[in-house]
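K.L.:
Sequence:
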Amino acid sequence: MASRADSGEPDSIIRAPGGKMPIRVITAAAIFDGHDAAIGIFRRILQSQGCEVIHLGHDRGADEVARAAIQEDAHAVAITSYQGGAVEMFTHTKDILQKNGFEHVFLFGGGGGTILPKEIDHLKEQGISKIYSPDDGRDLGLVGMVRDAMTSASATDLLAESRFDQITGQVDADNHAAVSLLLTMAENSPPDQFSDKLSQARSREVEAECPVVGITGTGGAGKSSLMDEVMLRIRRDNPDARVALLATDPTRKKTGGALLGDRIRMNSLS
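For the sequence shown, this note's numbering begins at 1 and goes up steadily by one.
These aren't lab readings, by the way, just hints derived from the structure by calculation.
Pairwise CB distance ranges, derived in the manner of DEER restraints:
1. PRO134 / THR218: 35 to 43 Å
2. ASN267 / ASP95: 18 to 26 Å
3. GLY113 / ARG236: 41 to 49 Å
C-beta: ideal position from N, C-alpha, C; glycine also.
Construct all of the structure, not just a fragment, from the sequences and the given hints.
P.N.:
Quick look at the structure:
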């Protein structure tokens with residue numbers, strides 16, 4: 001008889017500090033890597049275990065992955081690399097995160113036998129949080145590896161006051177790190193606390209309104225592709241325009257897990 005862990009159903013939901021905020025994870029297969037089966041499996045397990053997953057798909061460069069982690073204010077990044085360039089992929093991603101003040105992001109992944117033991121040791125020395133080996137897979141199982149990573153990632157407190165103390169003045173739209181902090185605060189902080197911080201961060205008056213367009217539809221209707229085509233034309237015909245593109249997906253009632261796949265279609269933003 002399969003246990004709940006074997007079947008992918010969580011015995012307990014691992015949450016970030018405070019016990020309320022789901023763990024937010026970026027998932028991707030490395031650049032020049034068309035092997036998307038492994039990251040697809042881990043993406044589904046992460047979601048089933050209560051994570052908010054932002055899936056980028058395969059063939060994604062370090063800059064794309066790190067930028068997504070910054071814009072989404074993620075707790076963790078999961079990368080699979082089976083193309084032989086794991087050392088470069090993980091270290092470059094780590095470097096970009098550090099340069100942008102996101103060294104707290106838990107960076108983990110694996111690549112089966114294509115990542116040698118000496119490379120795993122080297123990546124650990126370079127500050128990569130965790131590279132799972134085939135031995136880890138045998139000892140922990142798929143769900144065990146996911147929950148091990150979630151436990152480590154849950155130590156990151158995205159709602160720590162020290163993070164929001166960095167916002168001391170007006171926030172420009174190009175400051176993706178600060179904008180992502182404000183979005184995290186808007187979703188998870190007390191309304192009065194967010195309101196105070198937002199008043200400090202405003203770069204223009206409340207009365208200076210802008211058009212807001214909402215796009216909705218059933219799954220697979222083509223919303224992401226439509227938005228990508230619109231953004232391609234805006235960037236081509238009006239490159240000085242600033243557009244805030246917010247994408248949301250439903251949360252599972254039972255586990256709190258969610259999957260955001262819109263970034264896969266957003267070629268205009270890469």
